[in-house]
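Protein sequence lines, in the order shown, are assigned to chains A and B.
Heads up: the first sequence is residues 1 to 229, going by the numbering used here.
Heads up: the second sequence is residues 1001 to 1163, going by the numbering used here.
Among the hints, a few may not be true.
What the hints assert, rightly or not - Computed Cβ-Cβ distance ranges for the label pairs, DEER-style:
1) B:Met-1112 x A:Ser-143: 33 to 43 Å
2) A:Pro-45 x B:Gln-1041: 56 to 66 Å
3) B:Gln-1090 x A:Arg-65: 26 to 36 Å
4) A:Gln-10 x B:Gly-1051: 26 to 36 Å
5) B:Pro-1044 x A:Glu-197: 26 to 36 Å
6) B:Gln-1041 x A:Gly-9: 55 to 65 Å
7) B:Pro-1119 x A:Gln-38: 30 to 40 Å
8) A:Arg-144 x B:Leu-1131: 50 to 60 Å
9) B:Gly-1009 x A:Arg-214: 28 to 38 Å
10) B:Ser-1033 x A:His-163: 57 to 67 Å
11) A:Pro-45 x B:His-1128: 32 to 42 Å
12) A:His-163 x B:Lys-1095: 54 to 64 Å
13) B:Asp-1129 x A:Gly-112: 50 to 60 Å
What the hints assert, rightly or not - Derived lysine to aspartate or glutamate pairs resembling EDC-like cross-links, with alpha carbons at most 20 Å apart:
14) B:Lys-1047 x B:Asp-1068
15) A:Lys-106 x B:Glu-1107
16) A:Lys-106 x B:Asp-1068
17) B:Lys-1095 x B:Asp-1129
18) A:Lys-106 x B:Asp-1025
19) B:Lys-1002 x B:Glu-1056
20) A:Lys-31 x A:Glu-42
21) A:Lys-106 x B:Glu-1089
22) A:Lys-31 x A:Glu-41
23) A:Lys-106 x B:Glu-1065
24) A:Lys-87 x B:Glu-1107
25) A:Lys-87 x B:Asp-1068
26) B:Lys-1002 x B:Asp-1042
27) B:Lys-1047 x B:Glu-1057
28) A:Lys-87 x A:Asp-67
29) A:Lys-106 x A:Asp-207
30) B:Lys-1095 x B:Asp-1042
31) A:Lys-31 x A:Glu-54
32) B:Lys-1002 x B:Asp-1034
33) B:Lys-1002 x B:Glu-1107
34) A:Lys-106 x B:Asp-1055
35) A:Lys-31 x A:Asp-51
36) B:Lys-1002 x B:Glu-1057
37) A:Lys-87 x B:Glu-1065
As the list claims (entries may be wrong) - Here are some chain B residues the structure puts well away from chain A; computed CB gaps all over 10 Å:
38) Met-1001
39) Gly-1023
40) Asn-1037
Since the hints were derived computationally from the structure, they do not count as laboratory data.
For clarity, every value in this text was computed on a predicted model and none was experimentally measured.
Backbone N, C-alpha and C define an ideal beta-carbon position, used for all residues, glycine too.
Here is what each chain is made of, one letter per residue.
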Amino acid sequence: MYIVIGGGGQVGYYLARESLRNGHEVLLLEKSPARADQLIEELGPAAMRGDACEARVMAEVGVDRADVVIAVTGDDEDNLVICQMAKARFHVPRTIARVNNPRNDKLFISLGIDVTISPTRTILHMIEAEIPHHTLVPLMTLSRAGLSLVELTVPPDSPASGHILRQLELPSSVNLVLIVRGAENITPTGDTVIRPEDHLFALVTEDGGAILRRTILGEEAEEEILPQA
Amino acid sequence: MKVVILGCGRVGAALAKLLTVEGHDVTIIDQSSDAFNRLGQDFPHEKLVLGDGTDEEVLRRAGIETADAFVAVTNGDNRNIMAAQIVREQFNVPKVVSRIYDPIRQETYNGMGLESICPTIVGAKLFHDALLHPSRATTSPTQSIAHGRSVPLTHFDQKRTES
């Protein structure tokens, strides 16, 4: 696979190095001359001085035959333009952008970027997952499907506890995919009984998340919603 | 017309003054409060918004939700491109124009329906005409070419007396 990477910071460097090690053809572009020299010394011809936003540079490195363009500079606007130019001008089939401001996640997808990676959001989610509260923890966002994979632990006083799933009448916007009870993994059916301390994993829409929270935590839990970063 | 301008550089400030004199409602955004000095003392304080123009919150503070037009004239092509797309996609502002220095980038985004002005091409054409077709060159202070006279910015505030 031919991978073109824009931005030779730490992320770009390690990404290039590991991709080379995995046998891919890699070209890492860095616009700062000093940093580029350093990268060329480390990575040889896989690194080059140049601005990945410049069509001339991209044409020079043959980006039109790239399988994927990955933009990992520290500036969201640069990452957006690198990916959009690669797609619109050079018809690169897959573009991946690093998103520094987690709010830009949805925007980038709506502007045609195939995949966005938000380190800030990932770390936020990891912090949230460590919080022992009985609250809805977003584990993963499937932006284009408009779905999130969430985790929720059933509290001892849950209004749902002791009920079978069918009685909870969860709508189609809540797709309960797995219940982890102690060491046991349960694939939920309509007859599965919800017990305190069950770990529920569900694919939900934005509305579905609120419904799941209300059903499991009760009405008063409304305010416990975690900020979506 | 309610206009939001992103970038209070020379062009942004001049455009803001021009539109204000014509009676338009102008709000201007910049990341540096020093940049607002270019507008002079008379420019209404409440029309200045300090912040990052690619941040939706900052755009909202500038009243983008009710704006008729948005102009992106920061020094960064990519910043202008991103802000223009946010304004178009998220806020549906009817008229959005951005400055893109790089002609190739301008051409690409033009193909994606983003309206823009490329000062590189415009400037090159003006110089070309000044060299080869002097008769086409205009002399008004609100036009781009002056024949051997200085054109102070304050002229923008005065009524045109010549044509």
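So, going through the hints one by one against the coordinates:
1. Between Met-1112 of chain B and Ser-143 of chain A the Cβ separation comes to about 20 Å, which falls outside the hinted range of 33 to 43 Å.
2. Between Pro-45 of chain A and Gln-1041 of chain B the CB atoms are about 57 Å apart, so this pair conforms to the stated range of 56 to 66 Å.
3. Roughly 34 Å separates the CB atoms of Gln-1090 of chain B and Arg-65 of chain A, a value that falls within the hinted 26 to 36 Å.
4. Between Gln-10 of chain A and Gly-1051 of chain B the Cβ separation comes to about 28 Å, which falls inside the hinted range of 26 to 36 Å.
5. Distance hint for Pro-1044 of chain B and Glu-197 of chain A: a CB-CB separation of about 60 Å, inconsistent with the stated range 26 to 36 Å.
6. Restraint check, Gln-1041 of chain B to Gly-9 of chain A: a C-beta distance of roughly 43 Å breaks the suggested window 55 to 65 Å.
7. For Pro-1119 of chain B paired with Gln-38 of chain A, a C-beta distance near 34 Å keeps the hint of 30 to 40 Å intact.
8. Between Arg-144 of chain A and Leu-1131 of chain B the beta carbon distance is about 52 Å. The supplied range of 50 to 60 Å therefore holds.
9. Range check, Gly-1009 of chain B to Arg-214 of chain A: about 50 Å between beta-carbon atoms, so the 28 to 38 Å window is missed.
10. Distance hint for Ser-1033 of chain B and His-163 of chain A: a CB-CB separation of about 58 Å, consistent with the stated range 57 to 67 Å.
11. For Pro-45 of chain A paired with His-1128 of chain B, a C-beta distance near 40 Å keeps the hint of 32 to 42 Å intact.
12. Here the CB-CB span from His-163 of chain A to Lys-1095 of chain B is close to 56 Å, well matched to the stated 54 to 64 Å.
13. Evaluation of the 50 to 60 Å hint for Asp-1129 of chain B and Gly-112 of chain A yields a failure: the beta carbon distance comes to about 38 Å.
14. Our distance criterion of 20 Å between C-alpha atoms is met by Lys-1047 of chain B and Asp-1068 of chain B, whose separation comes to about 16 Å.
15. Annotation: proposed proximity of Lys-106 of chain A to Glu-1107 of chain B is violated, straight-line Cα distance about 25 Å (limit 20 Å).
16. Under the criterion of a C-alpha separation no larger than 20 Å, the hint pairing Lys-106 of chain A with Asp-1068 of chain B is inconsistent with the structure, at around 24 Å.
17. Distance check on the hinted pair: Lys-1095 of chain B and Asp-1129 of chain B sit about 30 Å apart at the alpha-carbon level, beyond 20 Å; violated.
18. For the proposed pair Lys-106 of chain A and Asp-1025 of chain B, the alpha carbon gap of about 31 Å is over 20 Å, so the pair is violated.
19. Under the criterion of a C-alpha separation no larger than 20 Å, the hint pairing Lys-1002 of chain B with Glu-1056 of chain B is consistent with the structure, at around 18 Å.
20. With a C-alpha separation of about 16 Å, the suggested pair Lys-31 of chain A and Glu-42 of chain A falls inside the 20 Å cut-off, and the hint holds.
21. Between Lys-106 of chain A and Glu-1089 of chain B the CA atoms are separated by roughly 11 Å; this keeps the pair inside 20 Å, and the hint holds.
22. Among the hinted pairs, Lys-31 of chain A with Glu-41 of chain A is consistent with the structure: their alpha-carbon atoms are about 15 Å apart, no more than 20 Å.
23. Our distance criterion of 20 Å between C-alpha atoms is met by Lys-106 of chain A and Glu-1065 of chain B, whose separation comes to about 19 Å.
24. Restraint check for Lys-87 of chain A and Glu-1107 of chain B: the C-alpha separation of about 14 Å stays at or below 20 Å, so the hint holds.
25. Note on Lys-87 of chain A and Asp-1068 of chain B: the hinted pairing is violated, with a Cα-Cα distance of about 30 Å set against a maximum of 20 Å.
26. The hinted pair formed by Lys-1002 of chain B and Asp-1042 of chain B meets the criterion: a straight-line CA distance of about 19 Å does not exceed 20 Å.
27. In summary, the hint linking Lys-1047 of chain B to Glu-1057 of chain B is supported, as the alpha carbons are separated by about 16 Å, within the 20 Å threshold.
28. Distance restraint check for Lys-87 of chain A and Asp-67 of chain A: the Cα-Cα separation of roughly 11 Å lies within the 20 Å cut-off, and the hinted pair is therefore satisfied.
29. Proximity of Lys-106 of chain A to Asp-207 of chain A is assessed by CA-CA distance (about 17 Å); at most 20 Å being required, the pair is judged to hold.
30. At roughly 27 Å between alpha-carbon atoms, Lys-1095 of chain B and Asp-1042 of chain B are farther apart than 20 Å, so this suggested pair is violated.
31. Note on Lys-31 of chain A and Glu-54 of chain A: the hinted pairing holds, with a Cα-Cα distance of about 10 Å set against a maximum of 20 Å.
32. The straight-line distance between the Cα atoms of Lys-1002 of chain B and Asp-1034 of chain B is roughly 24 Å, outside the 20 Å bound, and the hint therefore fails.
33. This hinted pair does not check out: Lys-1002 of chain B and Glu-1107 of chain B have alpha carbons roughly 28 Å apart, beyond 20 Å.
34. Of the pairs offered as hints, the one joining Lys-106 of chain A and Asp-1055 of chain B holds, with about 13 Å between alpha carbons and a cut-off of 20 Å not exceeded.
35. Restraint check for Lys-31 of chain A and Asp-51 of chain A: the C-alpha separation of about 5 Å stays at or below 20 Å, so the hint holds.
36. Among the hinted pairs, Lys-1002 of chain B with Glu-1057 of chain B is consistent with the structure: their alpha-carbon atoms are about 18 Å apart, no more than 20 Å.
37. Using a Cα cut-off of 20 Å, the hinted pair Lys-87 of chain A and Glu-1065 of chain B is violated, with the two alpha carbons roughly 30 Å apart.
38. With a least beta-carbon separation of about 26 Å from chain A, Met-1001 of chain B lies farther than 10 Å from that chain, consistent with its non-interface assignment.
39. For Gly-1023 of chain B, the shortest C-beta to C-beta distance to chain A comes to about 33 Å, beyond the 10 Å cut-off, and the non-interface label holds.
40. Listed as outside the interface, Asn-1037 of chain B is consistent with that label: its C-beta sits roughly 25 Å from the nearest C-beta of chain A, beyond the 10 Å cut-off.
In summary, the numbered hints that this structure violates are 1, 5, 6, 9, 13, 15, 16, 17, 18, 25, 30, 32, 33 and 37.
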